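S.K.: So you can see what is in the structure, the chains are spelled out below.
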Amino acid sequence: MDTLKLRARGITKTFHSGRQALETLASIDLTVEAGEFVTVIGPSGCGKSTLFNIVAGIETPGAGTIAIDGVVESERAGKAGYMPQKPLLLPWKTVEENVILGLDVRHVPRKQALAGARELLKRFGLLEFAPHYPATLSGGMSQRVALLRTVLFNPGFLLLDEPFGALDALTRLSCQMWLLDVWQEFRASVLFITHDVREAILLSNRIYVLSARPARVLRVVEARLPYPRQPQQLASPEASQLESELMSLLLKEQQL
Amino acid sequence: MKLRKLANYGPALVLILALLALWQLYVQAGQVSPLFLPAPTAIVAALAHNWPIIYDNTLQTLLETVLGILLATLFGLAMAILLDVSSWMRRAIYPLLVISQTIPMIALAPLLLIWIGPDIRSKLIVVIIYCFFPIAVACADGLASVEPELINLLRSMRATRWQILWMVRLPAALPSFFSGLRIAATYSVVGAIFGEYVGAEKGLGIYMQRATNSFAIAQVFAAIVVTAVLSLLLFGLVSLIERIALPWYHGATYRRA
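Listed in order, the protein sequences are those of chains A and B.
Residue numbering for the first sequence follows my numbering, starting at 1 and increasing by one per position.
Residue numbering for the second sequence follows my numbering, starting at 1 and increasing by one per position.
In short, the hints are calculated from the structure, not lab data.
None of the values given here were measured: they were computed from a predicted structure.
Watch out, some of these pointers could steer you wrong.
[Unchecked claim] Chain B is faced by these chain A residues, among others (derived, beta-carbon under 8 Å):
#	residue
1	Gly-57
2	Thr-60
3	Trp-92
4	Ala-135
5	Phe-153
6	Pro-155
7	Leu-225
[As the list claims (entries may be wrong)] The calculated label-pair distances, taken between Cβ atoms and stated as ranges, are:
#	chain 1	residue 1	chain 2	residue 2	range
8	B	Met-89	A	Gly-64	34 to 44 Å
9	A	Glu-128	B	Leu-240	23 to 33 Å
10	A	Gln-184	B	Leu-233	25 to 35 Å
11	A	Gly-18	B	Leu-96	27 to 37 Å
12	A	Val-108	B	Leu-233	18 to 28 Å
13	A	Gln-233	B	Val-85	50 to 60 Å
14	B	Ser-100	A	Gly-64	23 to 33 Å
15	B	Leu-96	A	Gly-116	40 to 50 Å
16	A	Arg-106	B	Tyr-254	24 to 34 Å
17	B	Met-89	A	Gly-116	35 to 45 Å
18	B	Ala-144	A	Glu-23	22 to 32 Å
19	A	Pro-237	B	Thr-160	24 to 34 Å
Using N, Cα and C, we set each Cβ at its ideal position, and we do this for glycine too.
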């Protein structure tokens, strides 16, 4: 009955360092439906990545519950494909070996894993790079490979933490369109983090706006642009209105 | 390509030849008795003349060196992993490792001889003490230098601690490991010779000692030349192994099938 991929309820997190306590998350509620593309935006340093690490199972929340596929479990690691800002490709492994990293962890037989990786690389136009070392790849290419590594590990639920933040504008745009392609292909549920409002509008079904630290959800908005999304849609009146609305909301938070 | 690489050694070669020529001239001009300081040509002659004996002793030293450095590598790696287990372990063990390097070998080597005897084992211990330290330190630094984000990525995949060590941290530490190994390789020959010098049946060290005692200085120099060549060869061998083991670190762009 539950079509929710992710339901996070009342998530809090406070970091302690000596006697100092840093309240980072103040009760976050967040859901991602199956197949939905949800983006979290917020001013920098607001705790987006902390929320993210909690969902990925790398950190434990101070309070609250997280259900993935309706199951509440404290050992969440491995239930989502996690992609941080840096591509973090291993320089001693070739592109295809990097893509199967998650399957190696799961002890999937190598032949089977490599076959899966090649199929994926072929489908998304990277097959020619399969035997290359990552040092030869451009920034955009590295991120694509990292994304495929994430997809191969768990195509159902992708956690993407500002994956295109370090790319130049043009590369970023082409990576964004490429991500939408991947998303549609696998009907993946995506939780995406960014501080780029236009990126959020271009990619998402729904957008959560977080406040400055300690973070809480300021607003949840739906981005009702038709699919397939195109960069030109950002120029449409609804998109522009949404952009200025979100922008002023964030700007107010940033000044605090 | 190969010629160009050789050309890199050109300046060093020219300098060495010039110094040798100066040396030769100095001795030939009668500035010093050839008994005290033999000319380079006399050293080459001594090397050729005594080659069968020197060769025999060299094999013994080479055996000690190679065995010693293999054991030192195992020991150094084990220490590096132990240092890495927890910060508590690091604080406990690191000072001991440093202290082990402050032991004056000139005092320890004769004791080893008394405790263990003049066979190969006492030499291996000297080589190990000389060589494990650079390997352990370099490797521990390499293990510690892995990006925390990368560790998090592996944890998000539910990798175990050992999987993270085996799949990510050890491979990432390999370039550092080889830097340490290169330093260790240059120490190792000297270590073995030192071990032999205080007492052995065979080896370049004891050969040098006997030659010195019988005032055959040209033969001492001949053994020194062999020592230097041996060290250089070991250094080159380690570099070669590194190039083969870490193609990605040396500019390879793709894996050959």
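S.K.: Indicate, hint by hint, whether the structure satisfies it.
M.R.: Do the hints match the structure? See the list:
{"no.": "1", "hint": "Gly-57", "in the structure": "holds, 7 Å"}
{"no.": "2", "hint": "Thr-60", "in the structure": "violated, 12 Å"}
{"no.": "3", "hint": "Trp-92", "in the structure": "holds, 5 Å"}
{"no.": "4", "hint": "Ala-135", "in the structure": "holds, 7 Å"}
{"no.": "5", "hint": "Phe-153", "in the structure": "holds, 6 Å"}
{"no.": "6", "hint": "Pro-155", "in the structure": "violated, 14 Å"}
{"no.": "7", "hint": "Leu-225", "in the structure": "violated, 31 Å"}
{"no.": "8", "hint": "Met-89(B) / Gly-64(A): 34 to 44 Å", "in the structure": "holds, 35 Å"}
{"no.": "9", "hint": "Glu-128(A) / Leu-240(B): 23 to 33 Å", "in the structure": "holds, 31 Å"}
{"no.": "10", "hint": "Gln-184(A) / Leu-233(B): 25 to 35 Å", "in the structure": "violated, 60 Å"}
{"no.": "11", "hint": "Gly-18(A) / Leu-96(B): 27 to 37 Å", "in the structure": "holds, 30 Å"}
{"no.": "12", "hint": "Val-108(A) / Leu-233(B): 18 to 28 Å", "in the structure": "violated, 44 Å"}
{"no.": "13", "hint": "Gln-233(A) / Val-85(B): 50 to 60 Å", "in the structure": "holds, 54 Å"}
{"no.": "14", "hint": "Ser-100(B) / Gly-64(A): 23 to 33 Å", "in the structure": "violated, 51 Å"}
{"no.": "15", "hint": "Leu-96(B) / Gly-116(A): 40 to 50 Å", "in the structure": "holds, 48 Å"}
{"no.": "16", "hint": "Arg-106(A) / Tyr-254(B): 24 to 34 Å", "in the structure": "holds, 26 Å"}
{"no.": "17", "hint": "Met-89(B) / Gly-116(A): 35 to 45 Å", "in the structure": "holds, 39 Å"}
{"no.": "18", "hint": "Ala-144(B) / Glu-23(A): 22 to 32 Å", "in the structure": "holds, 31 Å"}
{"no.": "19", "hint": "Pro-237(A) / Thr-160(B): 24 to 34 Å", "in the structure": "violated, 53 Å"}
Of the numbered hints stated above, those contradicted by the structure are hints 2, 6, 7, 10, 12, 14 and 19, listed in ascending order.
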